[in-house]
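J.: Mind docking chain B on chain A? Use the hints.
Single-letter residue listing:
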Amino acid sequence: MGEIQVTLDELRKLHPQLTEKAIVDYVNGGLEVLDDHLRFRDQINNKFSTRILDSITGRTAQRQQNMDGSITTSLKTVSVWLQDIQLYQGDSDIAIARLAGKLKETRAGVMRLQERHNELAEKVQAIAQNFDQFESQVQAHRIQLESQIQQVDAARSASLHLEQVFDKWEAGRLNNYPPLARLYLVIDELYWSKFGTYCRSQFGTSEVRQLMEQLGHKALILMEAYSKDDVYQLTLPEKWLSPIRDLPEESREVLSYLSNWADPQTAPVTWAIRNAALLESGLPNDFPRVFSGKHAINHLMYENKKRIQGNNDY
Amino acid sequence: MHADLIEAKREEVLRLITKQDKLLSDLLKIPNIFQESDEDEQQRTDSQTVERWQGILTNEAQKVDRLEMVVAVVGSMKAGKSTTINAIVGLELLPSSNRAMTSSPTLIRHCVDQRQPVLSFPKNKQMEKMVEEIKQKLIDLKNNNNLNLVELSKYQDGDVLIQSIIDGNFRKFQERYEGQDNILNCLKLFNELIRLSLDPNVSVQAFINEYENINDLPTIEVEFLHLPEKNEITKGSLTLLDTPGYNEFVIGKKLRKALSAQIAKASAVLAIIHYGQMGSDGEGQMRQELENQIHQIKDTFFIFANRFDERDRNTMKAEEVKSYAAKSFMKGQVKQECVYPVSATYAFLSNRAKYEIKEKGKLPDYRDEENKWVEDFGKAVFGVFWEDKIQKKDEVEAGAKGLWDLSGFKQPIDEVVVEAASTAALVSMKSATNKMIKYVNSLHNFLESRRWGLSQSIDKIDQAIDGLKQDIEKVGQAETTANKALQELMYEFLNKTQTIYKDVEQDLRPTLDDYFKEGKKQEIIEFRKQQKDLQQALQKLDNRGIREIFKEREQDRGKSRRSSEISYIVKDMEKDKALLEDKESLDFDPNNPQIEFSSEEDAKSFLKTVNRSVISIIDESVKELRLRLLELSKELEQKIPETLKNKIEGILQTAQERLKDEGFSLTFDLPEPEIEQNDIDLVELFVLGMEKSSKPLPSPEVREMKAWWAGIARFFGNFFDLTWGYEAYIDYKKTDVYIVDMKKIRKNVIDNLQIRIDELRDENQDFVDEILKPISEKYFGALKDYIEIIRGDLIDSFTIRNLDHQVQINILKIISDLREETELQTQDLNLLKGGLERK
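Listed in order, the protein sequences are those of chains A and B. So for the first sequence, the working numbering puts the first residue at 1; every next one is plus one. So for the second sequence, the working numbering puts the first residue at 1; every next one is plus one.
Here chain A stands alone, though its shape is the one from the complex (with noise of 0.2 Å):
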């Protein structure tokens, strides 16, 4: 393994988010089956992404190439993807629904690919086989995930999530990244994770309430005792955005990896920071004109509460 594989490794442990989104990624962006043959779309064609699935699998593969080729490549490019995501371990709820979705949608597609291509039937049998053994496994994974949201200690167990995110924060393991990216980070980890999971499916209620609260208490204590100023002292944007900037390429690139979902409308600050991590510059309308350690919790958890809310854009 390279250099570079070892950081990944690396930045995979400190963000296990990284996990869950290029997994999340691949499965949504990736395969398609056609009529009569199969693609992918090039949404995933993002570097940073095939090289964090390279270091899910352990190896370099060429999922892009050649995939409007022969039937019987494309086939094989499905048994590869089916390795693939066979060797996602995580228990995000987005990650299993995508995978039950895009499993069950495949798997319609292999088939009728059968129907026009008799000749591979074999073949096709045997991934079929492959998927069906998954697709339980898909299920199962999502019944167990299920009933440990309904558990009566579900609550408390995405609060010590948070604690543990937290702990990691605390211990300094974040320490370079500057304020406003390390508060992002562990916004969006908690929201891949058993936190998010818990607070998507008991959305509104007054448990995800106080847990958002706590997140906001806590990022309020961090905040204040890991920066230079008061947290309510304002100051220009840029003071917190050009950090970022400074930042190397390959935190940048984690950066602007996980808030790629971010839209200038609905997620202003989040879409700054990935602007920033760009190394773009400009603000969009909706962002503070002053900014502060306040502003940095408030708005990023607002517009995490939305990305909650929201569920289908992930």
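If you are wondering where the hints come from, they were derived from the structure by calculation, not from laboratory data. Note that the Cβ used here is the ideal one computed from N, Cα and C, for glycine as well. Among the hints, a few may not be true.
Now the in silico label distances, taken between C-beta atoms and shown as ranges [claimed, not checked]: (1) 139(A) to 42(B): 34 to 44 Å; (2) 2(B) to 221(A): 24 to 34 Å; (3) 47(A) to 669(B): 45 to 55 Å; (4) 810(B) to 105(A): 25 to 35 Å; (5) 499(B) to 214(A): 37 to 47 Å; (6) 299(B) to 285(A): 30 to 40 Å.
T.: Quick look at chain B alone, frame taken from chain A:
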């Protein structure tokens, strides 16, 4: 960096206004969410309310976008306020002369591209009435040959004015004047007329008394020649407020109040002082005048030590001026870097020349009467050989530039503008932010009332509606208690002011005692002299016989009254020597409160001295009293909100918690009572009193005092009258004896003081009724409305519950989204508010 942040805050205010406006528009688009108020009397949040908020927000956005800067120019008499303003404008618009000139405040507004100045003169019609009244008085004076008593008649142009009024040639005032000369002449006339109206021999009610706010003042619009090319200026508007020196304050109560409020909230204050008077005897007065005008020092307070061009080897250097002025003016609260030694004359000449070069390419003919300044300019720049050089454009331009640098104006003007802009920005931003917070809070409560009203049982809603009604009643009860508390607060303050009176009394007593001793001293000297004369007379009587002495006295007759008295005595002695010897044995009684003078002149001159001292003590006390009252006003201003809020804090909190337990989470923001700066002015209380009393001015000394002081002194009343305790009668021995009774004087002075103290109690009630009650009424009234609206919104939910179920669900869904946004807005606004307050 600092300026950038202010700009960023401004942009944030505008962003939030846009956001809030959108939020309200979204709200208006929700079908069926509002009940309209046409049909019933119930208070509620209806679409008109929301549209009104939007209108106000648009207005606020304009104010934030367009900086309105007002720079108040204050200063002592003849320090050069008008010259400074003329210098900044680059034209001679305001009359400035050796006589104190400005008696009316004037506004001068910078208008880009307005090369020709324009003066608008509101209320010009009222002027005519005043001129007519002045005319009648002048004609009367003329008929009695008393025209020369009018002070203005001593000056040539004043005399011309008086004649023109008498002859009916006085031109009417127009609404609008254009051009420098017309404006200058108009303002000169205006000021002279005001002076004329105030002349004790004319004494006509000056119409300026009727001015109520600063928009009534004459306003000049013109492009200022020198202003820094800064963003603030191109974006906003800058207005200079020329204020009369304190002693020249001859304006009515309302305008005085408006003006002092305006100075208090001015974007910057420019105090002009006379450099030459620093460290001199005149300084004390100069300082006092300034302190009278300005009650509070902010960061935006600048001192221009004017006439720095008049310095010589022996006077202070620039650095000394800075540290000296910072130390000695405004109780040492001015920062040294805000003091600038300048020359308004140089600045004026330089800009005047630049203006002419810019407009006409050369300087005008200096031989013309109105162009005398050209000679001043020439001499200042080129010295004795100025005449040749002022023809050369290049040299004039270079000279004007050099003179400008020398004037020391550039840096301070730049800084004043920057500071003024940031203050103005802050004022408009605070106002907009407070409004937004108010609306977002109301919006939150409205949405919450709808949400809760659509999701609860009818019983619960009914209960909440009743509960809110009781809360309103409680607020009403709180109002009654708060009013009592205000009254008590007022008494407490009044007691404090009484101690000031006591101090005055204590000052007066020993003074009067001293005069009594002094009088007695005079009496005893006279007594001894008389004794001596008597003895001599007796001796002579023994030695030379009565006739001889009588002859001798006859020769001296007329020389002095005293010698004739002696001759009377001698006559008496002739008649009854025994009686004479008896008189010699009469004693001097040092404890008799009556002081005897044998001459009327002596008695009256003694009385005058006593009178003057009493008045000077009063005068000092008035000044002291005024300062103490200002302090008390500030204290009271702070205590009123506490007193009011104190009474309702609990009510609101309980209500909020009670409803929250029901899942109805309203935000009751404890409102701040609206007290404008200078609203609470106890000095006003005294002015109120004095303007009610129509007592004639008591003595010539008081009459000599300048208007305002005289008013205050008049309030103190007839402190001293020359007839108090004075008696003249012919002695039984036909000797004139003039008696000054100190006991009576003292009693009269002290009694009068007591009467004033008693009267003050009545005025206090007026103050409570006129000033404090309205504040409290407004406060509690608004609070009741606030709760009543929530109650109304809740009542309305019954109507909405009759709508189709799906419609209700839609409403609830939209409400939920809007609530989230409202919350984020509230957070942003509160952060911004905190940032604006911290500065």
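J.: Could one say that the CB atoms of residue 810(B) and residue 105(A) fall in the range 25 to 35 Å?
T.: Once the Cβ atoms are compared, 33 Å apart, the range 25 to 35 Å for residue 105(A) and residue 810(B) holds.
J.: Is the hinted range of 45 to 55 Å satisfied by the C-beta distance from residue 47(A) to residue 669(B)?
T.: About 52 Å separates the Cβ atoms of residue 47(A) and residue 669(B), which means 45 to 55 Å holds.
J.: Can you let me know if the beta-carbon spacing of residue 139(A) and residue 42(B) is within 34 to 44 Å?
T.: The hint (34 to 44 Å, Cβ to Cβ) is violated, given that residue 139(A) and residue 42(B) are roughly 57 Å apart.
J.: Verify the CB-CB distance for residue 2(B) and residue 221(A) against the hinted window 24 to 34 Å.
T.: At roughly 30 Å between Cβ atoms, residue 221(A) and residue 2(B) fall inside 24 to 34 Å, so the hint holds.
J.: Given a hint of 37 to 47 Å, does the C-beta separation of residue 499(B) and residue 214(A) actually sit inside it?
T.: Given range 37 to 47 Å: violated, Cβ gap about 57 Å.
J.: Do the Cβ positions of residue 299(B) and residue 285(A) conform to the proposed distance bound of 30 to 40 Å?
T.: Once the Cβ atoms are compared, 33 Å apart, the range 30 to 40 Å for residue 285(A) and residue 299(B) holds.
Of the numbered hints listed earlier, those contradicted by the structure are 1 and 5.
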